[in-house]
Amino acid sequence: MTRRLGLVLPLLLIIGWEVAAIIINNPFYLPRLETVVPVLLNPFSSDYTLGTGSLFDNAVISIERVTIGFGIAAAVAIPLGIGMGRSSGINDFFDTTLELLRPVPPLAWVPLALAWFKLGIASIVFIIFIGSVFPILLNTIDGVRGVKKTWIEVGMTLGANERQVLSRIVVPGAAPTIWTGLRVGFGIAWMCVVAAEILPGPTSGLGYLIMYAYNLGQMNVIIAGMITIGVIGLAIDVLFKTIERRFFSWRGLDR
Amino acid sequence: MTLTLHDVSRVFITEKGETIEALSHISLDIHDKEFICILGPSGCGKTTILRIIAGLESATSGTISINGTTISKPSPRMAMIFQEYSLYPWRNVQDNVTLGLELRGMRKAEREEYAKKFLGLVGLKGFERNFPHELSGGMRQRVAVARALAIDPSTLLMDEPFGALDAQTRNRMQNELLDIWQKTRKTILFVTHSVDEAVFLADRIVVLTRRPGTIREIIAVPQDRPRERTSEQFVQIRRHLLDMINEESGDASKV
Numbered sequence: 000m001t002r003r004l005g006l007v008l009p010l011l012l013i014i015g016w017e018v019a020a021i022i023i024n025n026p027f028y029l030p031r032l033e034t035v036v037p038v039l040l041n042p043f044s045s046d047y048t049l050g051t052g053s054l055f056d057n058a059v060i061s062i063e064r065v066t067i068g069f070g071i072a073a074a075v076a077i078p079l080g081i082g083m084g085r086s087s088g089i090n091d092f093f094d095t096t097l098e099l100l101r102p103v104p105p106l107a108w109v110p111l112a113l114a115w116f117k118l119g120i121a122s123i124v125f126i127i128f129i130g131s132v133f134p135i136l137l138n139t140i141d142g143v144r145g146v147k148k149t150w151i152e153v154g155m156t157l158g159a160n161e162r163q164v165l166s167r168i169v170v171p172g173a174a175p176t177i178w179t180g181l182r183v184g185f186g187i188a189w190m191c192v193v194a195a196e197i198l199p200g201p202t203s204g205l206g207y208l209i210m211y212a213y214n215l216g217q218m219n220v221i222i223a224g225m226i227t228i229g230v231i232g233l234a235i236d237v238l239f240k241t242i243e244r245r246f247f248s249w250r251g252l253d254r
Numbered sequence: 000m001t002l003t004l005h006d007v008s009r010v011f012i013t014e015k016g017e018t019i020e021a022l023s024h025i026s027l028d029i030h031d032k033e034f035i036c037i038l039g040p041s042g043c044g045k046t047t048i049l050r051i052i053a054g055l056e057s058a059t060s061g062t063i064s065i066n067g068t069t070i071s072k073p074s075p076r077m078a079m080i081f082q083e084y085s086l087y088p089w090r091n092v093q094d095n096v097t098l099g100l101e102l103r104g105m106r107k108a109e110r111e112e113y114a115k116k117f118l119g120l121v122g123l124k125g126f127e128r129n130f131p132h133e134l135s136g137g138m139r140q141r142v143a144v145a146r147a148l149a150i151d152p153s154t155l156l157m158d159e160p161f162g163a164l165d166a167q168t169r170n171r172m173q174n175e176l177l178d179i180w181q182k183t184r185k186t187i188l189f190v191t192h193s194v195d196e197a198v199f200l201a202d203r204i205v206v207l208t209r210r211p212g213t214i215r216e217i218i219a220v221p222q223d224r225p226r227e228r229t230s231e232q233f234v235q236i237r238r239h240l241l242d243m244i245n246e247e248s249g250d251a252s253k254v
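In the order they appear, the protein sequences are chains A and B.
Here numbering that gives the first Met the number 0 is used: the first residue of the first sequence is 0, the next is one more, and so on.
Here numbering that gives the first Met the number 0 is used: the first residue of the second sequence is 0, the next is one more, and so on.
FYI, nobody ran anything at the bench for these hints, they're computed from the structure.
Have a look at the derived ranges for each label pair, beta carbon to beta carbon:
hint, chain 1, residue 1, chain 2, residue 2, range
1, B, Lys15, A, Arg144, 19 to 25 Å
2, A, Thr241, B, Gly67, 53 to 59 Å
3, B, Lys15, A, Leu8, 54 to 60 Å
4, B, Gly162, A, Val59, 55 to 61 Å
Listed next, the in silico DSS-like pairs over lysine-lysine satisfying Cα-Cα at most 25 Å (straight line):
hint, chain 1, residue 1, chain 2, residue 2
5, B, Lys15, A, Lys148
6, A, Lys147, B, Lys72
7, B, Lys182, B, Lys124
8, B, Lys107, B, Lys124
Every residue gets a Cβ at the ideal spot worked out from N, C-alpha and C, and that includes glycine.
Chain A on its own, in the form it takes in the complex:
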């Protein structure tokens, strides 16, 4: 019932949009539904995206970029976070620097990224990395610190060495919180990829597509692109949540 109730507003919005589009009668302000839907229904054809690569191709490119940047961020943040969570020495060494860098928004790095990596995938990946590395890192530190002391001590009395404490107790114990960090980090990474692609330079990706369509005044393609960005973001979040429920449901039940 709640599910169905949740569908009422989107339907009303779509109807309201169509009505408003008819009244305004200017596709540059608000395109009509029937001009947007064909773009979404033909994701593999570049005929609907002004000849600049199909919706699908651009989505794949954006997902690729985000995966690379996010992957590097996770590969850096998780080990570093485990180290910082476990050792006050490592924490003290990195903490000040990271706290200074953290408030700088990812997009403020764009000029430096362009200067260092030039136009192209590397600078986009770098922006994504900056965007997603901090949520993953902070959640990993939190998760590792939240591992109960008793769990570690039980392991030690059962004969675990430092490596085993890490692999059998600390990492699995922190995993739900690390996973939350990955989920949040991926959300930000997805926003960053679109933002980075809107900037001058890229010639592909969903962000590029909507900016390209804007330059040509094709509002229907912009909206189709936005819907695609939203749907992909939602789908990935649902995937993260499903895995969370499947593997980390013990969180909150432990006693």
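Here the structure of chain A is known, so what remains is to put chain B in place on it, guided by the hints.
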């Protein structure tokens, strides 16, 4: 096997730089297969003794030895059972019980045999696949006992293991522990603040003074098991202990 504490003292330094003497000159011989209860007012360092023997903390001075060999880190001949929150919520009962064996590299099929055996011993046959959050407090402590027994230690160190349980469960667990003790012939060192529990369980009761904890008296309980809590001798020993404990806590409140 004889476990010997020789002149063990432990001094803590607080964050403010104050030194607190938790234990002072504890010497004690614990004989093979003996059931010892350590009893004392709260804050007297009972748990600290256990943690030092388990190798989780080190003594400031003095030595712990098994058959004359000094030990200073967690020894496979000891297993500790904590008051609560010690099971791994992401592992099912079987994988909790066999963690110590897994750490030693035992194969899964063999571990399953061990899990069956020790879960049977603690009366939890058939719960192999359950998760800790599905079990009651008493059942969780049985799993913790099975996990400790699985590594085949010669000594069980138990830190108020039944402290969080309701009175009935606690009494039942005491009976079952005696059963297990008689079947497995382990040495047990059992910390409690319950006089009744100590008299019901122990061969000898070590009474500690308030901080800094020293041994005030060691009382042998000559009664056969199962003990009748209302028998004259039981009540007599109990009264004697209560007087001592009251005196110790009373002194503490005057300071």
